[in-house]
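Chains as they are written, first to last, in our numbering: chain A, 2 to 458; chain B, 556 to 893.
In case anyone wonders, no lab produced these hints; they're calculated from the structure.
Treat the hints loosely; a few may be bogus.
[As the list claims (entries may be wrong)] Some chain A residues well away from chain B (every beta-carbon gap over 10 Å; in silico):
(1) V55
(2) V86
(3) A224
(4) F232
(5) S234
(6) L320
(7) V369
(8) K403
(9) D424
(10) C435
(11) R455
[To be verified] Here are the simulated lysine-lysine pairs, DSS-like style, with alpha carbons at most 27 Å apart:
(12) K316(A) <-> K571(B)
(13) K68(A) <-> K34(A)
(14) K456(A) <-> K409(A)
(15) K625(B) <-> K409(A)
(16) K624(B) <-> K409(A)
(17) K34(A) <-> K571(B)
(18) K624(B) <-> K449(A)
(19) K110(A) <-> K172(A)
[What the hints assert, rightly or not] In silico contact screen, one side only, chain B against chain A (beta carbon under 8 Å); selected entries:
(20) S564
(21) L569
(22) K625
(23) I629
(24) G671
(25) L672
(26) E721
(27) S807
(28) V884
(29) T887
Please read all numbers here as calculations on a predicted model, not as lab measurements.
Think of the CB as a built atom: it goes at the ideal place given N, C-alpha and C, for glycine as much as any other residue.
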Amino acid sequence: MINGLKGEKNSIDAVLTLHRHTFRHGVHPPENKEDTNGLPIRRFPFSPLIILPVAQHLGAPSKLVVKEGQEVVRGQLLAEADGYVSVPLHAPVTGKIRKIANVPTISGKMVPGIYLEAAPSSTQELIEGEGVDYHTATPDEILAGVQNAGIVGLGGAAFPTHAKLKIPEGKHCDDLIINGIECEPYLTTDHRVMLEQPNDIFMGIRYLLKSTGAKRAIIGIEANKQDAADFLSGRLPDDIPVTVEVVPVKYPQGAEKMLITALLGKEVPSGGLPIDVHAVVVNVATTAEIGRLLPHGRGIQERVITITGPGVNKKGNYLIPIGTPLRYALDQVEVNGRISEVYMGGPMMGVAVSNLDISIVKGTSGIVVFTDQEVSRPDRIYPCIKCGACVDACPLSLNPSKLGILAKFEAYDEMAKEYHLMDCFECGSCSYVCPSHIPLVQYFRLSKSIVRKRKAS
Amino acid sequence: MSVQTLNISTSPHLTKGLSTETIMFHVVLAMLPMVFFAIYSFGFNAALVIFTAVVSCVLTEHVLCRISKKPTTIGDWSATITGILLGLTLPPIFPLWMTFLGGVIAIAMGKFLFGGLGYNAFNPALVGRAILQAAFPVAITTWYGAFQLDRFSTINASVLAFPFTEPIVDGTTGATPLSAFKFDGVTTDATDLAFGLVSGSAGETSAILIILGGLYLIRRGFMNWRIPMAILLTVFVFSGLLFWIDPVKYPSPLFMLLSGGLMLGAVFMATDMVASPITSLGVVIYGIIIGALVVVIRIWGGLPEGVMYAILLGNAISPHIDRLIRYRVYGTSKLQKS
Chain A
2 MINGLKGEKN SIDAVLTLHR HTFRHGVHPP ENKEDTNGLP IRRFPFSPLI ILPVAQHLGA
62 PSKLVVKEGQ EVVRGQLLAE ADGYVSVPLH APVTGKIRKI ANVPTISGKM VPGIYLEAAP
122 SSTQELIEGE GVDYHTATPD EILAGVQNAG IVGLGGAAFP THAKLKIPEG KHCDDLIING
182 IECEPYLTTD HRVMLEQPND IFMGIRYLLK STGAKRAIIG IEANKQDAAD FLSGRLPDDI
242 PVTVEVVPVK YPQGAEKMLI TALLGKEVPS GGLPIDVHAV VVNVATTAEI GRLLPHGRGI
302 QERVITITGP GVNKKGNYLI PIGTPLRYAL DQVEVNGRIS EVYMGGPMMG VAVSNLDISI
362 VKGTSGIVVF TDQEVSRPDR IYPCIKCGAC VDACPLSLNP SKLGILAKFE AYDEMAKEYH
422 LMDCFECGSC SYVCPSHIPL VQYFRLSKSI VRKRKAS
Chain B
556 MSVQTLNIST SPHLTKGLST ETIMFHVVLA MLPMVFFAIY SFGFNAALVI FTAVVSCVLT
616 EHVLCRISKK PTTIGDWSAT ITGILLGLTL PPIFPLWMTF LGGVIAIAMG KFLFGGLGYN
676 AFNPALVGRA ILQAAFPVAI TTWYGAFQLD RFSTINASVL AFPFTEPIVD GTTGATPLSA
736 FKFDGVTTDA TDLAFGLVSG SAGETSAILI ILGGLYLIRR GFMNWRIPMA ILLTVFVFSG
796 LLFWIDPVKY PSPLFMLLSG GLMLGAVFMA TDMVASPITS LGVVIYGIII GALVVVIRIW
856 GGLPEGVMYA ILLGNAISPH IDRLIRYRVY GTSKLQKS
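Isolated chain B (complex conformation) (with noise of 0.2 Å):
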C-alpha cells in the first residue's frame, strides 16, 4: 500500500452532483424550442433581437466582471438566461440598439447593482424591458403581424434603425390579442394562441411550446411547479369569475390563459429562483398575488398587459413572504417571531 497524500475535510463527503452551472444551462435548453418558434414566425427579425440581447447581456457581464476585478461569471449561463428572455419579451422589430441597452441595463441594474448572481430582488430580464417600457413607449408596443411572407427575405427598417433615433413605424404591424382585445373588443380564437398563430413579443406567442419547456425543466426538478401553477390558475380561477358575472364585458379565462406574456412569465420569468420565495407556502402565496395583479392591471388597469409589473411587483414582497413564512422547526410548537 503506497500512500502519497490523504486528503481531508469534512463531512459530508458525498455531494449530489448537482451544479448551479448545470440547472441554468438546461434552463437554456428548454427555451431553446421557444427561440426556434420565435425566428420560424417572426423571421430575421426576432432572430436579430434575441440574438442581440444575448450579445449585451453576456458582454456587460463579463465587462463588469473585468472592472471589478472578479472572474468572469459567463460561464454560469446566467446572464445567456437573462439575454433570451429579454430578447423573447421584446416585439419582434424593435429596434436593437434599444434592445442592446436593454440587455446592458439588465445585468448592470438589475443584476450587477444587487451584487450579481444570487443577489438580484428582481428578474433582470424584466428589470430590462422595463426601463426601455418606460423609455420608449412607442417602440415597445409596435408590433408585427405573425407569418409575414417576407420575412426571411427582409430586415424590418425599424430593427436597424441608428442608435438613439425612433425607428419608423412600419405600416404591416399587426395589434396583439390582448390590445386588440382592450382597445377594441375583439378577442381571439384560442387556439391561434395555443399555437402561437397570433401576433406579440417574440417569444410569447407560442403557448404550447413555453408550457413544454417548463415541464422539461419540472421534470428535472429545476422548477419550482408551484410558481407557474398558483399563477395560472389565480388567473384562471379569477378571471373565470369575472367572464361569469359579465361575459361580455369581461374576456374568457382561457383567452386570460393564453394570450400575452402570461405563460412565458409564469413559466420562466416568476420562476427565478434568486427573486422567489423559499418555501413551499411562500411560493403559492407569491404566486396568488401575482397572478391577481395580471388580471387586476389587464382589466382595470390602463396598459393592455400586466405580467411584467405583476412580477416586478412579486418579487419585491417575495424577502418579505420569506420573513413571515418559514417552516416550522422541528420540535417547536409555536410560531416564530420573525
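If we strip away everything but chain A, and leave its shape as in the complex, we get (with noise of 0.2 Å):
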C-alpha cells in the first residue's frame, strides 16, 4: 500500500497480499527453463583433478586436518568446521592430495585451497559416520548434524545451514517455509529435485521441524513447476503437517522475504530476519540433502546443478561432484565455441565468470553459458526519464530512480537514511526494467559497499 495514505494499515496489507498470494511489484523476465525441465539428473564423472576453496560458505573459513600427499577416501573429512558460523569440508573423490596450495575463486581472489587428484579408479562408495535419528536426537543434536554434514544453502547463499536454523533466546518458530520457486531464469535444478528426490525432502522436513519447532512446512512452489506441485502432493506423509503450495510465477519470489509474504501475508521488518515473524526458509535442495545425509553421518561431497544456456550442447540436470574444475564441467557438456559468457548461478543475479580455472563449490546453482550471437551491450546509458518501471518492479518498494540519482551525486547517505538503500538484496529488477539502461543494483551494490565501510570506520 502506498504511505501516503495508509498510516498503520498492516492488517489489511496482509489481507491483501494473502488474497493475492504473492507480494508486490517484481518482473517477469523469460523463463528459459523449457530446454531442461523435462532432463532427469544425471550423474557426473570425476574429473582427474578436484579443486577444492576450503572456505565455500559465508562465515569463518574451515580448518584444513590433512597433508600434502595423504590418502582420502570419498566422504572423509578434509577441514573441520571453526567455530558455530563454519562448516566442515569433506573429500568429494576418493584420491591423494596432491598439493594444499592458494586456488582462483570466482571472485577473482585466490583462497587457500586443495587440489585433490581422484584415483584412477575411483569409486562411488564412501565413508559414512554416526546417522542421526530423528526420532530420538534433539533439536541441538540436529543442528550439530547438519553442520557436520557441511551443508549450506545451495540455492546460491552458501550461508551455514545450521546457522540459520538455530532459533535466537526468545523467538520462536511457526513456519518453515520450504523455498522451491526456484525464479531464477534458465534453472531447474530444484525442480528435477522435487520430481525425483521426494523422500529425501519429506524426511529433511522431518529433521527440521524436530529442530527449529516449528508447528508446520509449507513447500512454496511457482506455478510454472505445477507438475511437482502434484507431484509432491500426491505424496505427502501422514506423519508431519506438511503443505504444497503454488505461488504465481513472479521474479525475485525465491527471496526469503518475498517468499514469507506470498505464503504467510507477513512482512519481515526492515533490517530484520525472517525469525522475527517466526517464520524460517530453507531452499528445497538443501532440505533433500540434509534428508539425505543425516541418517548416515555422511558429508555432502556432490550436487545437482542445471548446466544450461545457448553455448551449450548437451544442456542438463548434473549431479556433480563439489570441486569440479569449471572448465572440465564444460568440457563435459560440450561448449560451443563462441562462447562470451559464463555465469554462476542464474542469470539475474549470478556472478560472470572471469576463469574457468576455478570450480564448483557448494553455493553452485547453475553455469548458464552465453554465445556471443547473445549477448548485446546496451550501446549508451541515458539520463532517467523517470518513467516509473523500476519503482514498479522494486520488490521492496524502494525508488530505484531516486536512489540512482543520489548514487551518481554521491550521496550515500542520504540514500541509506532517506531511501532505505541498505535493505536492497540486488535482485536486479531495477536495472533488468530500466529503458534507460542504468546500472542502477550496480550503483547500489557499490552504494552499499560504502555505507557499510564508513559504518565501519
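Fit chain to chain and form the complex, with the hints in mind.
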C-alpha cells in the first residue's frame, strides 16, 4: 500500500497480499527453463583433478586436517569447522592430496585450498559417520548433524544452514518454509530435485521441523512447476504437518522475504530476519540434502547443478562432485566455441566468470553459458526519464530512480537514511526493466559497500 | 573448446530489451495520425507550421549539443516529440518565424537549460508555447476555419509573415469552440468536436485520433493511463457538477471534455514522464490537480483555454508530490519522514 494514505494498516496489507498469494511488484523475465526441466538428473564423471577452496561458505574458513600427499577416501573429512558460523569440508572423491595451496575463486581472489587427484578407479563408495536419528535426536543434536555434514544454503547464498536454523533466545518458529520457487531464469535444479527426491525432501523436513520447533511446513512452488507440486502433493506423508502451496510466477519470489510475504502475508521488518515473523526458510535442495545425509552421518560431496544456456550442447541437470573444475564441466557438456559469457548461478543474480580454472562449489546452483550472439551490450546509457518502471519493479518498494540519482551525486548517507538503501538485496529487477540502461543495482552494490565501510570506520 | 575472451559484468545479465529511444519513437508513431489529420483539415498551412516546429526543435538540440561538446542527442526522438507537440498546439496559420522561435525556446529554455532529457522540470513544448503566447498574444489566438476549400492550393499570408513582423489578420479566421462559448455563449455540437470538424490549434481538434494514439501507447506500456484518466475524470465530474447546478451558465461536461486542447494535453503532454510524478498515487493526485485547474481557468479565468497553464503548474508541483507520496517500503510500517 502507498504510505501517503495509509499509516499502520498492516492487517489490511496482510489480507490483500494473502489474497493475491504473491508479493508487491516484481518482474517477469523470460523463463527459458523448457530446455532442461524435463531432463532427469544425471551423474557426472569424476574430474581427474578436484580443486577445493577451503572456505565455500559465508563465515569463518574451515581448518585443514589433512596433509599434502595424504590419501583420502570419498566422504572423508578434509577440513573441520572453525567456530559456529563455519562448516567442515569432505572429500568429494577418493584420491591423493597433491597440493595444499591457494586456488582461484570466482571473485578473482586466490584463497587457501586443496588440489585433490582422483584415484584412477575411484568409485561412488563413501565413508559414513554416525547417523542422526530424527526420532530420538534433540534439536541441538540435529543442528550439530547439519553442521557436521557441511551443509550450506544450496540456493546460492552458501550460508551455513545450521546457523540459520538456530532459533535465537526468546524467539520461536511457527512456519517452516521450504523454498522450491527457483525464480531465476534457466535454472531447473530445484525442479528436478522435487520430482526425483521426494523422500529425501520429506525426511529433511522431519529433521527441520524438529530442530526449529515449527508447527507446520509449507513447500512453496511457482506455478511453472505445477508437475512438481502435484507430484509432491500426492506423496505427502501423514506423520508430519506439511503442505504444498503454488504461487504465481514472478521474480524475485525465491528471495526469503518475498516468499514469506507470498505464503504467509507477513512482511519481515526492515533490517530484520525471517525469525522476526516466526518463520524459517530453507531451500528445497538443501532440505533434500539434509534428509539424505543425516541418517547416515555423511558429509556433502556433490550437488545438482543445471548447466544450460545457448552455448551448451548437452544441456542438463547434473549431479556434480564439489570441486569439479569449471573447464572440465564445460568440456563434458560440449560447449560451443563462441562462448562469450559464463555465469555461476542464474542470469539475474549470478556472478560472471572471468577464469575457467575456478571450480564448482557448494553454493553453485547453475552454470549458464551465453555465446556472443545472445550477449548484447546497451550502446549507451540515457538519463533517467522517470518512467517509473523501476519503482513498479522493486519488490521492496524502494525508489531506484531516486536512489540512482543520489548515487551519482555520491549522497550515500542520504540514500541509506532516507531511501532505505541497505534494505536492497540486489535482485536486479530495477536494472532489468530500466529503458535508459542505467546500471541501478550496480550503483547500489557499490553504494552499500561504501556505507558499510563508513559505518565500520 | 576455444575461448578467446570471457566478458564479465555484474548481474543482472538480462535486460527487458526496452530502450528510451524505442519508447520515444512509439510516441512519435502515436502522434502521426493527428499530424495527418491536422494537415488534412487545415491544409498546407498546418503542414508548414508542424514541419517548421520539428525542424527548429531538432536543429536547436543538435546545435546546443555541439556547443556544449556532447554527442548529439537528436537520435533519441525526444526533440522530435517536442517539435510535433509544439506544432500541434499552435494555430494552423501561425507565422513560421514565430514557430521557429518557439521551437528554439522550447528546447533551449524548456529542456537544455535544465540539463537536457530527463532533467526538464516542465514539458518543453509547453514552455515554448507559453512564451509564444506571452510574446504574440494576437497571432496565437488568430484561428483558421477547418476544411476551407483553398487549403491545399494557397498558403495563408500570415504563415509567411516576414520575420519580426506581425502577420496580417486574415478574413477567413474562425473562432474556436471554447472562445465562441466564452465570449459569445455559443456551444458546439459534441460530434463535431469528437471528429475534429471545428476550428482550433492544428492538432487539438480530433479527440478520437488523440484517444486512439493514447490507447496505442497505453497498450504498449509506454504511457501511464492514470494521468489522462485522472485529468479527464476530474474535468468531467467537476464541470458536470457545475452543469447540474446551472445548465444555462455552465457548459456541458461533454463539451468541456472534447473542446480545446484538453484531450491533447491530457493524453500527450501531461504524460511527459520526466515532468510527472513517479508513483501511481502521485500521478492520480497530479491528474486531479491539472483537471481541476483546467475547469477553474476555463470557467472563471480570463482566458478561454487553460490546459497549458494547468499542465505547467502540475509539472511544477510534481517533484513535491514525489517527495510527499512514496510507496511504503517493504518491512516498514511508519510513514517516512520526507
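Inset, instruction - Determine which of the earlier numbered hints do not hold for this structure and return their numbers in increasing order. - result: 7, 8, 9, 10, 13, 18, 19, 22, 23, 26, 27
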